[in-house]
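Peer 1: Throw the hints in and build the complete structure from the sequences for me.
So the sequences go chain by chain: D and X. Just so we're aligned, residue 1 is where the first sequence starts under my numbering, counting upward by one. Just so we're aligned, residue 323 is where the second sequence starts under my numbering, counting upward by one.
Just so you know, the hints here were simulated from the structure itself, not pulled from any lab data. Please note that the accuracy of each hint is not assured.
Computed list of chain D residues with no C-beta within reach of chain X, every gap over 12 Å [what the hints assert, rightly or not]:
1) TYR24
2) GLY28
3) VAL29
4) ILE110
5) GLN124
6) GLY133
7) ILE141
8) ALA164
9) ILE175
10) VAL312
Computed list of lysine-lysine pairs in BS3-like fashion (alpha-carbon distance at most 27 Å, straight line) [unchecked claim]:
11) LYS457/X - LYS190/D
12) LYS190/D - LYS450/X
13) LYS190/D - LYS458/X
All residues carry an ideal CB built from backbone N, CA and C; glycine is no exception.
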Amino acid sequence: MSVQTLSLTQFKQIAFNRDAYIYYMFLGVLFFFAIILHDTAFLTVSNFMNIVKQTAPLTIMAVGLTFALAVGHIDLSIGSVVALSALVGALLLQYTGIPLAVAGALLVGITVGLINGFLIERLQVSSLLITLGTMGIITGIARQLTNLESVPIINQDFTYLFGAGKVFGLPILLIWTLVIGGLAYIVLNKLAAGRHLLAVGGSPAASRAMGIKVTRVRIYALLASSTAAALAGLLYAGRLHGARYTLGEADLLTVIAAVAIGGTSLFGGRACIIGAILGSWLMGMINNGLILSGFSTNEQMIARGIILIMAVAIGVKELKNG
Amino acid sequence: MVRTALDQPALELSSIKKSFGGVHALKDVSFKINKGEVVGLLGDNGAGKSTLVKCIAGIHAPDGGDIKVNGNNVIITSPEDARAVGIETVYQDLAKIPEFNIVQNLFLNREIKHPNPILGWLGWLDSKTMIKRAKKSLNRLNTRIPSYNEQIHNLSGGQRQAIAIARAVNWGADIVIMDEPTAALGVEQSAQVNDLIKVISSQGVAVLLISHNMQHVVETCDRAVVLYQGRSVADVAVADVTKEDLVGLITGATDAAA
Ligand SMILES: Nc1ncnc2c1ncn2[C@@H]1O[C@H](COP(=O)(O)OP(=O)(O)OP(=O)(O)O)[C@@H](O)[C@H]1O
Ligand SMILES: [Mg+2]
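Peer 2: Below is the structure:
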């Protein structure tokens with residue numbers, strides 16, 4: 001394309017594009033903390049690597065949840081899947097090697113995703129209610145499984161692969177984030193499969209009329225969200241050298257806020273993977289900044305709630321404006 | 323524009339029947355459409371027009387009767403079947419994803435894949451080719467579109483209808499069915515859609531047009547088939563009748579045989 005001059009309307013379209021909010025938010029918050037925390041370690045590479053490492057499971061969950069939201073569903077069971085998958089992985093590691101343990105943990109996600117998908121389609125009930133139900137069931141199973149005991153992991157290869165490892169000097173958790181994020185980006189933006197996910201979220205009736213297998217597409221989306229949560233469980237287990245039923249428990253709000261602030265519509269039809277990743281890094285940065293500023297866990301929780309409502313408010317305003 | 327309705331039947335319906343429980347929506351419908359011909363399907367509310375369209379489009383299975391496409395008997399049990407034999411249906415408000423742009427809508431579920439076999443197998447989209455083809459097909463229909471990146475919901479009703487029609491033709495449909503394509507449109511946009519119908523029929527496509535608007539029928543159709551209580555009761559050349567004649571046939575005031 002030849003050299004173009006940017007007209008004012010074009011500039012507005014780019015600058016006030018919904019997808020661009022996350023960049024402003026990100027820079028704004030970064031700037032804000034950089035100033036008020038200038039005498040702390042906030043603005044250091046190692047602090048940022050810490051944030052990325054800490055948020056890796058959240059980021060993977062956010063990427064997965066983006067798929068569910070793309071088709072117009074929500075998946076509340078992801079937090080509970082994190083716990084159960086981590087526990088199953090940790091328990092299996094006591095008897096077998098990494099491949100089987102990882103397969104077992106991922107199978108938790110696959111199973112839950114399929115159950116969620118089938119129940120929603122079969123009963124024609126909102127995903128909110130079905131996944132709220134499965135969340136309860138899975139949380140119960142996770143608590144029952146080890147009687148609230150935590151399960152340590154001593155397998156060094158596992159904790160390297162899913163936690164402490166480094167590749168080319170980069171933390172392996174960053175690599176996991178980038179690989180999963182990259183794959184998801186390709187699926188959603190470059191492949192026909194992603195086009196169909198978004199079409200189903202945009203208008204199920206129109207998708208059906210065009211011959212898209214709407215039911216199948218929606219089940220795949222829930223499968224993706226739940227399998228990603230299972231992987232997040234492994235990343236938690238790897239970083240923390242063990243699993244506990246509380247893992248992922250408090251993540252749901254953060255993940256939904258991260259995805260929403262990243263430009264994905266909570267009502268289907270629009271999804272942004274880069275936004276989901278930046279959104280969860282943003283949530284991590286805010287947490288980190290609040291901790292360094294001396295705020296308590298409770299206050300951080302309030303901040304997350306406010307951010308979620310802000311993100312949703314922006315989304316709803318967009319929806320009304322057409 | 324030269325339009326020549328060839329004397330080659332594209333679609334032939336004989337004795338189509340369809341009941342819903344005790345309601346005999348279609349009792350006996352027979353008519354044919356030639357290639358390049360625009361046939362209006364008229365009838366009062368409840369006459370069975372939409373039911374007939376759904377039988378042809380594969381949404382309902384008829385209880386009896388035969389459908390022939392290009393002279394061959396076909397059995398249509400799903401929208402995919404209908405598409406496979408070259409029948410496309412343009413719905414008033416279906417089949418458009420509001421968040422998608424024009425190209426994405428035009429190629430929905432018929433995306434052009436990357437020529438590289440591996441990428442193609444993965445379903446990697448060939449956006450450049452799709453944009454190129456979209457331009458070509460909209461140009462062929464004389465449709466002016468502001469920008470191919472425009473989201474569908476920013477277009478006028480007439481432009482959206484044009485996209486839906488372009489999509490049907492794009493997929494090599496020989497037969498295009500339109501259920502009240504201008505029902506929600508203003509005068510100017512209806513005229514645009516009517517022009518478009520003439521363009522595609524001049525390219526040899528057979529069009530079945532359902533409309534309650536006599537003016538549009540008279541302007542665009544070559545023939546009119548009238549349904550009355552589930553039966554095809556008249557099949558007339560539009561040039562030979564007046565609007566009043568058509569209204570008489572629709573209401574049953576005029577006996578078609580007379
Ligand atoms: N799915 C269905 N179940 C039961 N009855 C139906 C169904 N679809 C149509 N009918 C009945 O079949 C008859 C024909 O309906 P149809 O919708 O085909 O009429 P129409 O000619 O399209 O009317 P309109 O001009 O109002 O759109 C009506 O009596 C209608 O109530
Ligand atoms: Mg009707």
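Peer 1: Does each hint fit the structure? Answer for all of them.
Peer 2: For each hint, the structure was consulted:
Residue-level check passed: TYR24/D sits 22 Å from the nearest beta carbon of chain X, beyond 12 Å. Taking the minimum C-beta to C-beta distance to chain X, about 27 Å, the non-interface status of GLY28/D holds against the 12 Å cut. Remark: the non-interface label on VAL29/D is consistent with the geometry, its nearest Cβ contact in chain X lying 28 Å away (cut-off 12 Å). Interface exclusion of ILE110/D from chain X stands, the closest Cβ pair being 21 Å apart, more than 12 Å.
With 12 Å as the threshold on Cβ separation, the claim that GLN124/D sits away from chain X holds: the shortest Cβ distance comes to roughly 20 Å. No beta-carbon of chain X is positioned within 12 Å of the beta-carbon of GLY133/D; the least distance is around 30 Å. Interface exclusion of ILE141/D from chain X stands, the closest Cβ pair being 36 Å apart, more than 12 Å. Against chain X, the non-interface label of ALA164/D holds: every CB pair exceeds 12 Å, the least being about 33 Å.
For ILE175/D, the shortest C-beta to C-beta distance to chain X comes to about 22 Å, beyond the 12 Å cut-off, and the non-interface label holds. Separation of VAL312/D from chain X is adequate, the least Cβ-Cβ distance of about 18 Å exceeding the 12 Å criterion. Restraint check for LYS457/X and LYS190/D: satisfied, since their Cα atoms lie roughly 21 Å apart, inside the 27 Å limit. Distance restraint check for LYS190/D and LYS450/X: the Cα-Cα separation of roughly 12 Å lies within the 27 Å cut-off, and the hinted pair is therefore satisfied.
Under the criterion of a C-alpha separation no larger than 27 Å, the hint pairing LYS190/D with LYS458/X is consistent with the structure, at around 23 Å.
Hint compliance for this structure: no hint is broken.
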